Structures are given as C-alpha cells and as structure tokens.
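S.K.: Using the sequences plus the hints, can you model the full thing?
Protein chains in written order, with the numbering used here: chain V, 1 to 234; chain L, 1 to 110.
None of these hints come from the bench; they were simulated from the model.
Treat each hint with caution, since some may be false.
Claimed, not checked - With beta-carbon atoms standing in for the labels, derived distance ranges: (1) V/Ala165 x L/Arg61: 36 to 42 Å; (2) V/Val148 x L/Leu96: 36 to 42 Å; (3) L/Arg37 x V/Phe191: 53 to 59 Å; (4) V/Leu216 x L/Arg63: 24 to 30 Å; (5) V/Thr218 x L/Leu103: 48 to 54 Å.
Since the structure is predicted, the reported quantities are computational estimates derived from the model, not experimental observations.
Where is the CB? At the ideal position from N, CA and C, for every residue including glycine.
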Amino acid sequence: MTSNGSPGRPPRFAAWLVELFTSTEEADGVLGDLAEEFNENVVRDGGVAARRRYRRQAWHTIRDLALSPLNGPSPSTTKARSLLLTMGIGLAWFVMTWPIGMATNAMARGIVTRYPIDAYIPASVLWAGVDLLALLVTGVLAAIVAPVVRLRPMSVALAVVAVMALVFAVDYPLAVWLFGPPGGQQRTLAFLALRWLRGVSMFGGAILIGAVIGRLSTTSSCAKTQPVGQAASR
Amino acid sequence: MARRDYLGEFEHIVLLAVMRLGNDAYGVTVRREIETRTERDISIGAVYATLDRMEIKGLVRSRVGEPTAARGGRAKRHFQITRRGVAAVNRTHEALRNMSDGLVVARSFA
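M.R.: Following this line, the structure appears as structure tokens:
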C-alpha cells in the first residue's frame, strides 16, 4: 500500500499506521495533534513539505509508542504487564491445544478417514496451518485484552514477537547441544538463520496480523475522519 | 522518598512544560514548548507515551475536549498537573539542588 491523497491532506497510510499503534483512548489526541501540525505546515511550507514532515513525525510516533511499554514502567504497570504476559502465554497455550487444536484434530481425523488427503498434504503442512490459525486467534485476543490493562495492543503483539524471536534463536541450538544433531546431521549457520527468519516471519506475522484485526475491531466509534485539508481551508 | 516518586529526565521536562502551559497543555503545545526551550526534536508519540505513564502514576490528569475542524474532527486531550505531580517536581528539584550544592562545576554554570 502506498501513501496516497492530495498534497493538502495528510498521508492516509501513515495516519492509519499511527492509529494502529495507539490505544483507542489516545488515538483521537495523537492523530488530532498530527493533523493540527500538518495544517499549519501546509500554510507555512506547502503541501509536499508538510506531507514529508507528517510521515517523519508518524514514523517517530509509531517507534516511540511501540517501544513505550518496555521503557521504565511504574511498579503497578509492571505487575499489569507481567499479568498480561502470563495470561498471553497461557492463552496461546490454551488456544493452541484446545479447543481449536482439538477441534482441528477431530476434523482432520474425520477428513483423513473419509478422504486419503494425507497422501497429498504432508502432516507438517497441516500442523503448521493449525499453529498459524491458533497464533492468529491469539493475536486477536491479545489485542482485545490489552486495553483492559491500559496497554497498547500492537506494542503487546510486538513484545510477543520479540520473545518468539528470542525463543527461535536459542531452541534449536539448545536441543542440538543437549541431544546432539538430529539424524547425526550437522547444521550450518545459514540453515539456522533461515529457520529463524522463516519461524519469526510466519508465526510472528500470524500474531501481528491477528493483533491488527483485534485493534481494528476495537477502533473508537467517536473518531471522525473529516479531511483535515478541507478543515484548514475554512 | 519512595522510589516511584523519582522523575526521569524526560518526565521532568514534560511535567515542567505542562506546568508552564497551564490550561493550554496538550500534545502539540507540550511538544513545541519542549522543542523551543531545549532544542530537542521529539515526537508526539514520545510526549503521549510519557504523559500516559505519568497519568498512571497519578502525576497528571487528562480530559478530552471538543472535536475541532482544524484537527480533522478529532478532539484535543488536555493535560493538567496534579498535586502529586507538583510534589514530585519539587522533590526532584530539591534532590538536584542537594546533589549539586557545593560542586565547583555546578557553581561555575550558575
């Protein structure tokens, strides 16, 4: 998706991304402030420069909001975040094993009994699909639960992906160190790097997409989307 | 003083900006006040992340204003320092004064 729109309007994609990374309570304030500055910049520097500055401000705002749960929280929010993380891990485990896992297992068993699709679809692909679906649902649920403890949904999703990236970085080397290489085959660094990249992009991507869906489903209905370019000309 | 009452450097600056602006403290004005006085380029996101954290700590409170056309139909979020916030600023100033008291380097900049 590209940033489109006329020079008198803020870049839509940048504004959408900012909205995604804010909580529903703060979205109006942040986007309104960016719009107010954009209107002033249009009058002072012209539309093109104003749009460039808006995009820069949007990027810095997203970066600061996304990282803020990790920056010096107060004791009460630390407790809340620990609780949410524990809940998140429990939730992910729960969702992955039951009811979706069990239901999918039962469904898969029924289908495989009736139609021999196991001859066409490798079991690993089927299970990867089940895992991705479970992670997608986990992302949606985490995004819906996060605002209850005053957390930004996308920041929570990014924190989960960061933990996942760490796990993917150490799990295989740890298993090899403990139990030896599978089948006696030595793995190269390139294999480990590719495995990490694939795992993080696939499974982390599923969580992030789920969180985006969850965040969009909780978008504040009071947020009005009046074109600011028109507002400035009044 | 309890550990939680210490202000971080940026929290301190943001609180002082909110105090200076009085009833006109919201994202844009707070950001500008800090930029003008400290020559630091900061984002609206950094201001909100800090103000949200301080609101949870009870150092500031916020209220949502009316949506305006100049803001694309979105409302302003006004911030106001609380009594606890004023106390935190005073304590931080006192701690800084105590720490710098008698230092030659501090006196030479006074």
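S.K.: Are the hints correct? Go through all of them and say.
M.R.: We went through each hint and held it up to the structure:
1. V/Ala165 x L/Arg61: 36 to 42 Å: Since the Cβ atoms of V/Ala165 and L/Arg61 sit about 38 Å apart, the hinted range of 36 to 42 Å holds.
2. V/Val148 x L/Leu96: 36 to 42 Å: 38 Å, holds
3. L/Arg37 x V/Phe191: 53 to 59 Å: Holds: the Cβ-Cβ distance is about 54 Å, inside 53 to 59 Å.
4. V/Leu216 x L/Arg63: 24 to 30 Å: At roughly 27 Å between Cβ atoms, L/Arg63 and V/Leu216 fall inside 24 to 30 Å, so the hint holds.
5. V/Thr218 x L/Leu103: 48 to 54 Å: 52 Å, holds
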